[in-house]
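Here's the letter readout for the chains.
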Amino acid sequence: MNKENFNKNKNFSKNLGNLGMSHREYIIEGQISRQKILDEECPEMKDKIIIVNQFKKQVRKSLSNFKIDLYRGKTKISDNEVLSDELFENSVEFLDEYTFLENQVIVMDFKMTIKNDLLYEVLNSMEQQQRDIVYLSLCKDMSDKKIGEKLKLSRSSVQRIKQAMKKQIYDAMTGGSKRED
Amino acid sequence: MKIKHTKKQDLTYEIIRNAVNGDEDAEEIIFDYYEPYIIKLSKLPYINNEGEVAYVIDEDIYMSLKLKLHELIVNFKVA
Chain A
1 MNKENFNKNK NFSKNLGNLG MSHREYIIEG QISRQKILDE ECPEMKDKII IVNQFKKQVR
61 KSLSNFKIDL YRGKTKISDN EVLSDELFEN SVEFLDEYTF LENQVIVMDF KMTIKNDLLY
121 EVLNSMEQQQ RDIVYLSLCK DMSDKKIGEK LKLSRSSVQR IKQAMKKQIY DAMTGGSKRE
181 D
Chain B
1001 MKIKHTKKQD LTYEIIRNAV NGDEDAEEII FDYYEPYIIK LSKLPYINNE GEVAYVIDED
1061 IYMSLKLKLH ELIVNFKVA
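Going down the list, the protein sequences come from chains A and B.
Counting from 1, position 101 in the first sequence corresponds to residue 101 in our numbering; the numbering is continuous, with no gaps.
To convert a position in the second sequence, counted from 1, into our numbering, add 1000.
The reader is advised that the hints may include incorrect statements.
Examples of chain A residues lying across from chain B (beta carbon under 7 Å, computed) [to be verified]:
no.: 1; residue: Lys-48
no.: 2; residue: Ile-51
no.: 3; residue: Val-52
no.: 4; residue: Phe-55
no.: 5; residue: Val-59
no.: 6; residue: Leu-63
no.: 7; residue: Lys-67
no.: 8; residue: Leu-70
no.: 9; residue: Tyr-170
Stretch-level coverage of chain B by chain A, calculated; a stretch enters the list once three of its residues show a Cβ under 8 Å from a Cβ in chain A [stated by the list, open to error]:
no.: 10; region: 1021 to 1028
no.: 11; region: 1035 to 1041
no.: 12; region: 1045 to 1057
Simulated from the structure, these hints should not be mistaken for lab results.
Please read these numbers as outputs of a predicted model, since none were measured by experiment.
C-beta atoms are modelled at their ideal positions from N, C-alpha and C, and glycine is treated no differently.
The task is simple: from the sequences and hints, build the whole structure.
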């Protein structure tokens, strides 16, 4: 700090002391008097200042929140990321195993290849409608109500068929052992 | 070397109103006003070769923050 500035500040605080006021009080009083002038003389100006402050506050808040969301999304993706070299090493086995074209089941309007032999047997023994319900509920995560609207069934019948099919699949895959939960 | 501290133009009601109504110059002023803040937000820490923490500007975050700012300007309701 320069000597002149230092002396100025010293004189200023001396004068405040003479008035019986601390520096903080002086600032607060200044703010209040400015507010009074705004309120009394130009109320339009006050509205404009409020809008500008609102804008600044809103932008700062939403930008920082948006950045946090972006950062979280990025770290989530990078955790699940696999290098293409690693993928190629693992996928060699997959390429050799592509002989399941026979295990095809018709679901909705298309054919679905099923890799697991047990699961294929169960699905093949089901009727078309039951298979559709299993596909829509387990693969597409649709609610019972939506499935009912799509297949023209009531919600309760969809739920009943779904539970029966789930049990059938579970029994076939585990050899009929009881559930632990 | 001295660093020049040029004073930026402060935002006023008229600038915000014009930017909301689609004036590009006014929008540019708002972008200039928030540029340092966006750069600050888009910095990501990493550890360099000497084992110190350094910061790098992530361009993806930078651009998406700018797009978000544009979206906020367009959707702001001026009374």
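**OP:** With chain B as the partner, please determine if Ile-51(A) meets the hint condition of a C-beta pair closer than 7 Å.
**Re:** holds, 6 Å
Original post:
Counting residues of the region 1035 to 1041 of chain B whose CB is closer than 8 Å to a CB in chain A, do you get three or more?
Top reply: Check passed, 3 qualifying residues.
Original post:
Any CB of chain B closer than 7 Å to the CB of Tyr-170(A)?
Top reply: violated, 44 Å
Original post:
For the region 1021 to 1028 of chain B, do at least 3 residues have a Cβ located nearer than 8 Å to some Cβ of chain A?
Top reply: violated (count 0)
Original post:
Would the stated hint for Lys-48(A) survive a check requiring a Cβ distance to chain B of less than 7 Å?
Top reply: For Lys-48(A), the interface hint holds, since the closest Cβ of chain B sits about 4 Å away, which is under 7 Å.
Original post:
Do the numbers back the hint for Lys-67(A), that is, is its least Cβ distance to chain B under 7 Å?
Top reply: holds, 5 Å
**OP:** Please verify that hint: Val-59(A), Cβ, nearest Cβ of chain B, below 7 Å or not.
**Re:** holds, 6 Å
Subject >> Residue hint Leu-63(A), partner chain B, criterion CB-CB below 7 Å >> reply: At 6 Å from the nearest chain B Cβ, Leu-63(A) passes the 7 Å test, so the hint holds.
**OP:** Tell me if chain A covers the region 1045 to 1057 of chain B under the three-residue, 8 Å CB rule, please?
**Re:** violated (count 0)
Original post:
Can Leu-70(A) be said to touch chain B, with a Cβ gap under 7 Å?
Top reply: With a closest approach of 5 Å, the Leu-70(A) hint holds.
**OP:** With a cut-off of 7 Å on the beta carbons, see whether Val-52(A) makes it to chain B.
**Re:** OK, holds: Val-52(A) within 7 Å of chain B, min 6 Å.
Original post:
Can Phe-55(A) be said to touch chain B, with a Cβ gap under 7 Å?
Top reply: Nearest chain B Cβ about 5 Å off; hint holds.
Checked against the numbered hints above, the structure breaks hints 9, 10, 12 and satisfies the rest.
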